[in-house]
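There are 4 protein chains.
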Amino acid sequence: MCRFLTYTGAPLLLADLLYRPSNSLIMQSYQARERAEPLNGDGFGVGWYVHDVDPTPCVQRSVSPAWSNSNLQNLAAKTRATSLFAHVRAASPGMAVTEANVHPFAYDRFMWMHNGVVAGFHQIRRRLRDSLKDEFYNMIQGTTDSEHAFALFLNNLRVPFGEVNGEEMRYALVETIARLNDWTRAAGVTTDSFYNFAVTDGKITVVSRYASGEGIAGASLHYSRGRRFECLPSGLCDMHSVTEDAQAQAVIVASERLTDDPADWITVPDNHTITVFPDLRVSLDKIGLEA
Amino acid sequence: MCRFLTYTGAPLLLADLLYRPSNSLIMQSYQARERAEPLNGDGFGVGWYVHDVDPTPCVQRSVSPAWSNSNLQNLAAKTRATSLFAHVRAASPGMAVTEANVHPFAYDRFMWMHNGVVAGFHQIRRRLRDSLKDEFYNMIQGTTDSEHAFALFLNNLRVPFGEVNGEEMRYALVETIARLNDWTRAAGVTTDSFYNFAVTDGKITVVSRYASGEGIAGASLHYSRGRRFECLPSGLCDMHSVTEDAQAQAVIVASERLTDDPADWITVPDNHTITVFPDLRVSLDKIGLEA
Amino acid sequence: MCRFLTYTGAPLLLADLLYRPSNSLIMQSYQARERAEPLNGDGFGVGWYVHDVDPTPCVQRSVSPAWSNSNLQNLAAKTRATSLFAHVRAASPGMAVTEANVHPFAYDRFMWMHNGVVAGFHQIRRRLRDSLKDEFYNMIQGTTDSEHAFALFLNNLRVPFGEVNGEEMRYALVETIARLNDWTRAAGVTTDSFYNFAVTDGKITVVSRYASGEGIAGASLHYSRGRRFECLPSGLCDMHSVTEDAQAQAVIVASERLTDDPADWITVPDNHTITVFPDLRVSLDKIGLEA
Amino acid sequence: MCRFLTYTGAPLLLADLLYRPSNSLIMQSYQARERAEPLNGDGFGVGWYVHDVDPTPCVQRSVSPAWSNSNLQNLAAKTRATSLFAHVRAASPGMAVTEANVHPFAYDRFMWMHNGVVAGFHQIRRRLRDSLKDEFYNMIQGTTDSEHAFALFLNNLRVPFGEVNGEEMRYALVETIARLNDWTRAAGVTTDSFYNFAVTDGKITVVSRYASGEGIAGASLHYSRGRRFECLPSGLCDMHSVTEDAQAQAVIVASERLTDDPADWITVPDNHTITVFPDLRVSLDKIGLEA
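As you go down the protein sequences, you meet chains G, P, R and Z in turn.
So the first sequence is numbered by the numbering used here: it starts at 9 and just counts up by one.
So the second sequence is numbered by the numbering used here: it starts at 9 and just counts up by one.
So the third sequence is numbered by the numbering used here: it starts at 9 and just counts up by one.
So the fourth sequence is numbered by the numbering used here: it starts at 9 and just counts up by one.
Be careful, since some hints might not be right.
Which copy is meant is left open, so a pair is good if it fits within one copy or across any two.
What the hints assert, rightly or not - Derived lysine to any residue pairs resembling SDA-like cross-links, with alpha carbons at most 25 Å apart:
hint : residue 1 : residue 2
1    : LYS86     : GLY102
2    : LYS86     : SER70
3    : LYS211    : ILE274
4    : LYS141    : GLY128
5    : LYS141    : ALA254
6    : LYS211    : ALA85
7    : LYS211    : LYS294
8    : LYS141    : ALA227
9    : LYS141    : SER291
10   : LYS141    : PRO101
11   : LYS294    : ASP253
12   : LYS86     : GLY170
13   : LYS141    : ARG187
14   : LYS211    : ASN173
15   : LYS211    : ASN163
16   : LYS141    : ALA195
17   : LYS86     : LEU244
Quick caveat, the hints were computed from the structure, so don't treat them as lab data.
With the rest of the complex left out, here is chain G:
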């Protein structure tokens, strides 16, 4: 289990998401509120896009804990992003703490993060890999279930990378969940899997909240949408509401509410995806898997 957040909107300092909110992602790296085990100290990663350079993300990852990393602190204080992925990792038992296993994973223009676990992953890993086109088979650098799920997602995309739209991305993500369900079931895995996946191509972001078990809640997931997310010099951060005159210019999707004002946050329903479009519309859609 881990914690992550995504941001889409007007240029925002990374520090306003990672450091300044009362329940910032850095706070969640050692004092997460919405999971039983508060520690996410097995590395971190951030990635964002600089569209006027090229369409691939700028990813910075480290196995060191996020809370004490001075490079991250300096970078976050000076870098503005319009599309950000950020993740703090709690390695699942048996998963090595190495740089190759730190999220977000990136390939071509895509980034991918996971909060959860593929139950019985070692029983299906070979089958999963066997299903992959060479390109995605060879892309895998580490040993996590999360990165393998990313390869599966890419493998599920039906159209060339350049033409992906929200529908297509969502389809490939839901297909990823479906395949993982099929294979773990076939392997006789009976423990629950948790599939909060986040994927973006720098324009569209899709995030899922899903648990495989009947009646089991998915890991926590919330979003906040407004005309601006702001941290005041006083230290207070909040999302300014959309008004008649001011349209949405900021959408955050996060494992935990970053601020204490409950009015800022809406919980993503269990067994749903949330899609954030380039115009900052969001869409909540049920994950309809056949039994």
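Given the coordinates of chain G, work out where chains P, R and Z should sit on it, guided by the hints.
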């Protein structure tokens, strides 16, 4: 605040202290029981002696969290020590997480660890350094209060390094506390300092439990003494009692009880030092400082 | 000895200085051309300014070799700077390879780098520290001669940080060299010191080329000034000349020529400083020290 | 390409192989003599056996360069081994510098190192993996050709791990080379592969010197055998000759001669394996592959 332990006795696998007990030092690195903040994830260090090679310790330190370090895990599973220091760090606010700041600190044949904080350290640092002989002034590599206290300890030794005995080591340690008290008081520092210091020359170990404030308890400190400390294949670890036929061959001094059997552990009284002698006698002595 | 470069001018991708030139700083990290020992593998650092956020630099440093650091590679591919410092380190014997010892050093709005060595540093360190105001005494985090020289530079500034101009910065840098000369001479140090220092406040950059010994050449130092530094898709990088119609918009000062075209580069004369002004004028000035 | 060494014999301080010889492995990490590119700075690893604890090796690995690693320096100064593997890495282009890619690789009681490259590895990786039993398929943690070759070696062992002898180990190693040759040839790879592999189970060591190309020499490989390898306080290290009264108690196999005395070293012939037996006999055997 941090957590530490020392071991003196018959050769013992490091893993039997660091990994196998129910409240091992590794457990304390992320789930410490006897301090409010359970996390000690800002690096770790271990040091032990190989007396038939030379009298200086073999120290291994890292800024990475102890719980995920595979080098430490491998080393602990294969290395036996007769005299061990081990430490997991929780950096005080403002103290950088760098290798030079990780305990134990070593110089010549001595090792030093600290669990606590010198309140208002920045106000007395220059004065402290000015009091040092060049040798110990130049020895300092990092920026911690703990390492500066070590330099002060070495500076307080009245006899050449080769001839130190328990009395002398205890004297220098108590003097260190006295000087820190003098200087912080003179600087008008009113918050409490915590001076659980551990020092060894590979033969004798002295550990203090001390808080500067009137009526304030020092950080937790316990010891266990018996004929052998053992971890069974079942996973249960405990200290075997001394009997008429079997003398003490193991002494542990630790911030927290490593095992769940309360009979294994005696709490070091506040404002005391504990000295462990080469024959494994221990002595508890009041820290008598003049007001 | 190390290798460094500074850039001032129109926004430029870091990769165009660090990775793409035939003798890029990354090449210099393992195959430096203008020093006997080609290896500068003891860490690296880069720092740049984001003036619309605040006047302090964004510094990223690591003890890992520059040539294999994927965070640096990703960042350089996506980040543009108008004022950049970059450094690859070859630790002097006895100087620890720790993060606190990696250049550039930063304080308030200043950055500092050093290519060279203060001969007999350990003999003058205490005297140097004793000369410092508390602010700069307490600023020092590591153990290098280079960082101590930075503290001395800051201590030599006669005016508040906000009002520094090129004259003042150059004065403080030359004073730094003068004091180091005084102290090493007084300590009886007879080996040569090398003082290629670079300092900036984000607007003005001053770099020195200086060796303390009579008739000894300072470490290599060159600069390139033109209307634009460009790396073509073909891989060829060069500095476009200033013309009647196009003023200088790029100045590089570097330990080594980054490109193979000798017309791009002018060698900074020994025993001189080069100052780069905000309007991209440069000034070469003799370092006039009294014997 | 990389550099490695193996030691078998009477207990020897690691420092006597890694640090003290004039061409020690640490020297080879930045100034290798017998390969065109002198730098092997992409991490290091050492592994040795503590047979009275258990039959698996104690491995310590790091992505940091060997020359500046203080943990390695401290450990080498205090640890004696009777069976040692040590490796300094020069990552092949495109191979990530991550801990999982550092040699020696270990599994059960085996260690494995490689100096060389599997040409066109990416073209045969999937085929190689497909040939593996699940146990060895799942063992792979990193992305190197070297670790995949190790998995192939383990897969080639015809008998349970506990009963391996020198013949069997040599067979599995030669089979590994044969399979790699088959697959790269089938994939149309025309560049040369270099297969200096070293493997041990803690008792027997087998090392190959092999290049796939007709008339191409394998990477350098030497061995030294005598009654004792010793480093004198003067700094001089050498191998004492076997005499009538004193049998061999030390065998080193190394990519480069560690000492300057040519009488100490015998070059392993191209296209051969060298096997070191528990009684310190060595056997040189031609690698007879069918075309």
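State whether the alpha carbon distance between LYS211 and ALA85 is at most 25 Å within one copy, between copies, both, or neither. Both: 24 Å inside a copy, 20 Å across copies.
* Up to 25 Å between alpha-carbons, please classify LYS86 paired with GLY170: within, between, both or neither. => Between copies only: 20 Å across chains, 30 Å inside a chain, cut-off 25 Å.
| request: Go through the copies and call it for LYS294 and ASP253: within, between, both or neither, with a Cα cutoff of 25 Å. | output: neither (31 Å within a copy, 62 Å between copies)
At most 25 Å between CA atoms: does that hold for LYS141 and ALA254 within a copy, between copies, both, or neither? Cα proximity of LYS141 and ALA254: none, with 46 Å in one copy and 51 Å across.
task: Evaluate LYS86 and LEU244 at a C-alpha cut-off of 25 Å and name the case that applies: within, between, both or neither.
output: Cα proximity of LYS86 and LEU244: one copy only (19 Å, versus 31 Å across).
* Between the shortest in-copy and the shortest cross-copy C-alpha distance, which are at most 25 Å for LYS141 and GLY128: within, between, both, or neither? -> both (23 Å within a copy, 18 Å between copies)
At most 25 Å between CA atoms: does that hold for LYS141 and ALA227 within a copy, between copies, both, or neither? Result: close neither inside a copy nor across copies, 30 Å intra and 35 Å inter.
| Between LYS86 and GLY102, at a C-alpha cutoff of 25 Å, which is it: within one copy, between copies, both, or neither? | between (36 Å within a copy, 20 Å between copies)
Give the relationship of LYS141 and PRO101 under a CA distance limit of 25 Å: within one copy only, between copies only, both, or neither.
between (29 Å within a copy, 23 Å between copies)
(message) At most 25 Å between alpha carbons: which applies to LYS211 and ASN173, within, between, both or neither?
(response) within (9 Å within a copy, 44 Å between copies)
**Asked** Can you tell me if LYS211 and ILE274 fall within 25 Å by alpha carbon in one copy, between copies, both or neither?
**Response** The answer is within: 22 Å in one copy meets 25 Å, while 45 Å across copies does not.
Under a CA distance limit of 25 Å, which applies to LYS211 and ASN163: within one copy, between copies, both, or neither? within (20 Å within a copy, 46 Å between copies)
The earlier numbered hints that this structure contradicts are 5, 8, 9, 11.
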